[in-house]
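> Sequence:
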Amino acid sequence: MTEFINRLQKVASNPQAFKKAGRGIERETLRFTLGGSLSSRPHPVGVGSALTHKYITTDFAESLLEFITPVSNDVDTVINQLEDVHHYTVSHMGEEKLWPLSMPCFVTKDDDITLAQYGESNVGQLKTTYREGLKRRYGSVMQVISGVHFNFSFSTQFWDELFGEQTEEDRQSSVSDAYFSLIRNYYRFGWLIPYFFGASPALCSSFIQGRETSMEFESLGNTLYLPYATSLRLSDLGYTNDAQSDLKISLNSVDEYVEGLNKAIRTPSAEFAKIGLKDGEKHIQLNANVLQIENELYAPIRPKRVAKSGERPSEALERSGVEYIEVRSLDVNPFSSVGVDKDQVRFLDLFLTWAVLTDSAPMNDSEMACWKDNWNKIIEKGRKPGLELQIGCQGERLTQKAWAERVFDDLLLIAKEMDSVNGDDEYQQTHQRLTAMIEDPELTISGRLLAETKKGGGIGKIGCDLAVQHRETHLSHQYSFYTKEELDAEVKRSILAQKEIESNDKQSFSEYLEDYFSYLK
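In the UniProt record's numbering, the protein residues as written are 1 to 521.
Honestly, the hints are just simulated from the structure, not real lab data. Note that beta-carbon positions come from the ideal geometry of N, C-alpha and C, so glycine has one too. What you were told as hints is all true, and nothing was included just to trick you.
Below, a list of computed lysine to aspartate or glutamate pairs in the EDC-like style, where the Cα atoms sit at most 16 Å apart:
| # | residue 1 | residue 2 |
| --- | --- | --- |
| 1 | Lys381 | Glu218 |
| 2 | Lys10 | Glu165 |
| 3 | Lys20 | Asp74 |
| 4 | Lys454 | Glu218 |
| 5 | Lys263 | Glu296 |
| 6 | Lys416 | Glu426 |
| 7 | Lys377 | Asp236 |
| 8 | Lys19 | Asp419 |
| 9 | Lys263 | Glu315 |
| 10 | Lys372 | Asp236 |
| 11 | Lys455 | Glu218 |
Ranges between beta-carbon positions, derived for each pair:
| # | residue 1 | residue 2 | range |
| --- | --- | --- | --- |
| 12 | Thr267 | Asp488 | 43 to 51 Å |
| 13 | Ser309 | Glu271 | 31 to 39 Å |
| 14 | Gly392 | Ser253 | 14 to 22 Å |
| 15 | Glu216 | Ser508 | 50 to 58 Å |
Whenever a hint applies, use it, and build me the whole structure from the sequences.
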């Protein structure tokens, strides 16, 4: 009996171990106009303050909406919450639509993109200045690539069954170590996510104007694509950062991770120093270090803890360890009106549970490079029959199909346990549908989207057609979790909350920044 099965049987002995898992979703999407251009309008007034609204905000750009669900213990609930906030927002957007793809289209230059605005408060100005820094460091077009982030936490009952009785200090240490074991296995096997759910095999040719690439694209009008690609969003053309490639932040413990993160925040960058900190009186980046703040670290998965007021993410991790993880490798699902579907959530439930219950040795920089090479192969040619991946740095190789089948044998055991708890077969059905994608890569999201793109006249037309369909779905949706009155009340609360924050500011923005970054001294 393997250690994996031993651990699975331990946690499965308590039905609440699976039932009480926490899930939250953050979905990004661009607002665009009937003519197919990026919206130049401000954040819709009717949806409240982007600074303080609990569920509806913006990411990098004023046109880049972000929908956030609270933590839920139920798959249906988290999707229902997303559907409700999409309906509410689209109802306040006039004729504008939501771009249904990760890679932007009809955006050709940085100046077309207005940075997200959060009002006159110091915290609001900090958020916009941080984005100004990102613009000047990496360019705005890369920053409006959209994705879906999945936040996940195991239940207290899960840890109780896995670890038994422990002191509070020992439990905190065990949980953090377990989450970092999961993160290492995510780097080893997480290429399964872009394989199944990558949704950017093609992009508009305007996206790479002026950018060097060694990719051998095929073209269809204004569309460029790679025949077997899954997620160009995750490639060197997409949401990546070459400047961070030398950081080598350890994933072997929370202490090593925080130490590496803090070092990056404190390390001056000669390249970014050339940008300067101000343009006249205007602040144009928060500092000239490798990372302005922790959030600038580009990673496919992050360890997280809810921070207290005024507390930085790394301080929260130092204080009480890892509370949950944030999966950041999901492209927007163009075939879902909310950018993600229940099969994806259930697969992540299965995969993350497997990743935490499976042995996970410490990882050095050399091994990390091997795993990253596997990711890049899947990203650029993951649907190619017979594609071989490395198994660590030992020289052994397996096809993506054979390796996926090995993992799926274990995932089926977890699916059966989860279905037993829930009294249905939903997880096994998800497992069955994804198994079919292992057998036939063209059933994956990238396979389906590329086929539609070739048939439908290019990625821009497909995006516009899907946006029209999704808009009709959103407008006809009936509330199933929230009520209109609840969301109206949140709009009013958020506007008042922003005004209160602004009225309570007593410092100039320059003084505020000086205090905010006093820890760097």
